[in-house]
Amino acid sequence: MNNTFNLLRFGLLFKKTLLERPMQIIGFTVLILSLILIIYNYMYPLKGFDSAQNLTFTWGLAGGSYFMASFVFSHFSSNATGSSYLTLPASHFEKWLCGILIAGILFPAIFILFYRLVDTYFVSLFHSSLDPAAPFYKERYQSVNIFSFNGVVAWMVYRIFLLGVSAMLVGSLYFNKAGFIKVSLVICGVLIMLYLVNHFFARIIFGTAIEDAMIFGHVTIPVGNSDGIILLPEKISDFTLNIVSYIFPAVLFITSFIRLREKEF
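Residues 1 to 265 (the numbering used here) make up the sequence shown, in order.
Possibly wrong hints are sitting among the right ones.
[Said to hold, decoys possible] Think about it this way: if two alpha-carbon atoms lie no more than 20 Å apart in a straight line, the pair counts; the simulated SDA-like pairs of lysine to any residue are:
#: 1; residue 1: LYS47; residue 2: ILE110
#: 2; residue 1: LYS15; residue 2: ILE102
#: 3; residue 1: LYS235; residue 2: PHE216
#: 4; residue 1: LYS47; residue 2: VAL30
#: 5; residue 1: LYS177; residue 2: TYR85
#: 6; residue 1: LYS138; residue 2: PHE126
#: 7; residue 1: LYS15; residue 2: PRO132
#: 8; residue 1: LYS263; residue 2: LEU252
#: 9; residue 1: LYS235; residue 2: ARG159
#: 10; residue 1: LYS47; residue 2: GLU139
#: 11; residue 1: LYS15; residue 2: LEU88
#: 12; residue 1: LYS16; residue 2: ILE105
#: 13; residue 1: LYS235; residue 2: LYS263
#: 14; residue 1: LYS15; residue 2: VAL30
#: 15; residue 1: LYS47; residue 2: PHE122
#: 16; residue 1: LYS263; residue 2: LEU86
FYI, nobody ran anything at the bench for these hints, they're computed from the structure.
Taking the hints into account, I'd like the entire structure generated from these sequences.
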């Protein structure tokens with residue numbers, strides 16, 4: 001039998017992981033899907049479809065996956081369950097892959113499928129409620145569309161999703177207790193530090209008061225009675241965005257694999 005990966009052994013591990021903690025994994029999935037449905041239903045009449053779609057997709061995919069990732073390696077919250085998990089007859093690669101599959105692939109796939117059904121239903125319901133004979137029917141009909149999974153907002157959420165899941169997988173292995181809270185505090189601390197460093201260097205370079213200094217984005221400076229925005233050059237912006245969005249999460253995913261392997265020894 002292959003000591004690194006065996007499909008049958010991995011299947012049994014995956015099944016055990018899901019069924020051993022149904023309230024954490026299956027129960028949470030049902031909960032987040034239900035909350036998204038409720039929030040969408042009550043928000044679109046108040047704030048409009050764009051706000052409802054953006055908010056529910058962001059919190060459902062990025063937020064939900066972030067929470068799910070904190071459950072994946074929660075075996076190490078106690079010595080007993082942690083030791084029991086480490087002695088399972090499966091390789092550390094299979095255990096790591098199981099966590100990646102649940103938090104990074106399975107839950108997002110279920111959420112995206114559910115979200116598409118919900119979004120399509122509410123958009124279709126709105127379209128069918130319009131009177132074709134009413135003034136501005138065409139404009140109102142075209143003003144509401146199904147959320148695009150290839151739009152600007154969607155790609156921003158994908159990047160947040162990758163960063164959040166990869167960071168939580170690493171953090172849940174380093175912080176055995178209250179991993180979700182500790183990782184969240186670390187992420188907030190890093191963001192604040194980056195903002196302050198960006199603000200500091202922007203003030204040195206431009207030699208004036210800075211209204212805003214968005215990380216890897218732009219700097220806002222006062223110009224007379226208004227504000228001027230200085231954007232990061234496109235090539236540099238794309239380069240840094242790719243590193244932060246893809247390279248850094250890949251490094252974190254690999255780090256979580258190394259950390260899990262260290263725990264097994």
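Each hint, compared with the structure:
1. Distance check on the hinted pair: LYS47 and ILE110 sit about 26 Å apart at the alpha-carbon level, beyond 20 Å; violated.
2. Simply put, LYS15 and ILE102 have alpha-carbon atoms about 11 Å apart, close enough for the 20 Å limit, and the pair holds.
3. Restraint check for LYS235 and PHE216: the C-alpha separation of about 12 Å stays at or below 20 Å, so the hint holds.
4. The suggested pairing of LYS47 with VAL30 is violated, with an alpha-carbon distance near 25 Å, which exceeds 20 Å.
5. Of the pairs offered as hints, the one joining LYS177 and TYR85 holds, with about 16 Å between alpha carbons and a cut-off of 20 Å not exceeded.
6. Under the criterion of a C-alpha separation no larger than 20 Å, the hint pairing LYS138 with PHE126 is consistent with the structure, at around 13 Å.
7. Distance restraint check for LYS15 and PRO132: the Cα-Cα separation of roughly 51 Å exceeds the 20 Å cut-off, and the hinted pair is therefore not satisfied.
8. Our distance criterion of 20 Å between C-alpha atoms is met by LYS263 and LEU252, whose separation comes to about 16 Å.
9. Restraint check: the Cα-Cα separation between LYS235 and ARG159 comes to about 18 Å, which is no more than 20 Å; the hinted pair holds.
10. Only pairs whose Cα atoms come within 20 Å are accepted, and LYS47 paired with GLU139 is accepted, the gap being roughly 18 Å.
11. Distance restraint check for LYS15 and LEU88: the Cα-Cα separation of roughly 13 Å lies within the 20 Å cut-off, and the hinted pair is therefore satisfied.
12. Note on LYS16 and ILE105: the hinted pairing holds, with a Cα-Cα distance of about 18 Å set against a maximum of 20 Å.
13. Note on LYS235 and LYS263: the hinted pairing is violated, with a Cα-Cα distance of about 41 Å set against a maximum of 20 Å.
14. Of the pairs offered as hints, the one joining LYS15 and VAL30 holds, with about 18 Å between alpha carbons and a cut-off of 20 Å not exceeded.
15. Distance restraint check for LYS47 and PHE122: the Cα-Cα separation of roughly 14 Å lies within the 20 Å cut-off, and the hinted pair is therefore satisfied.
16. As the CA atoms of LYS263 and LEU86 are separated by approximately 8 Å, the hinted pair is consistent with the 20 Å bound.
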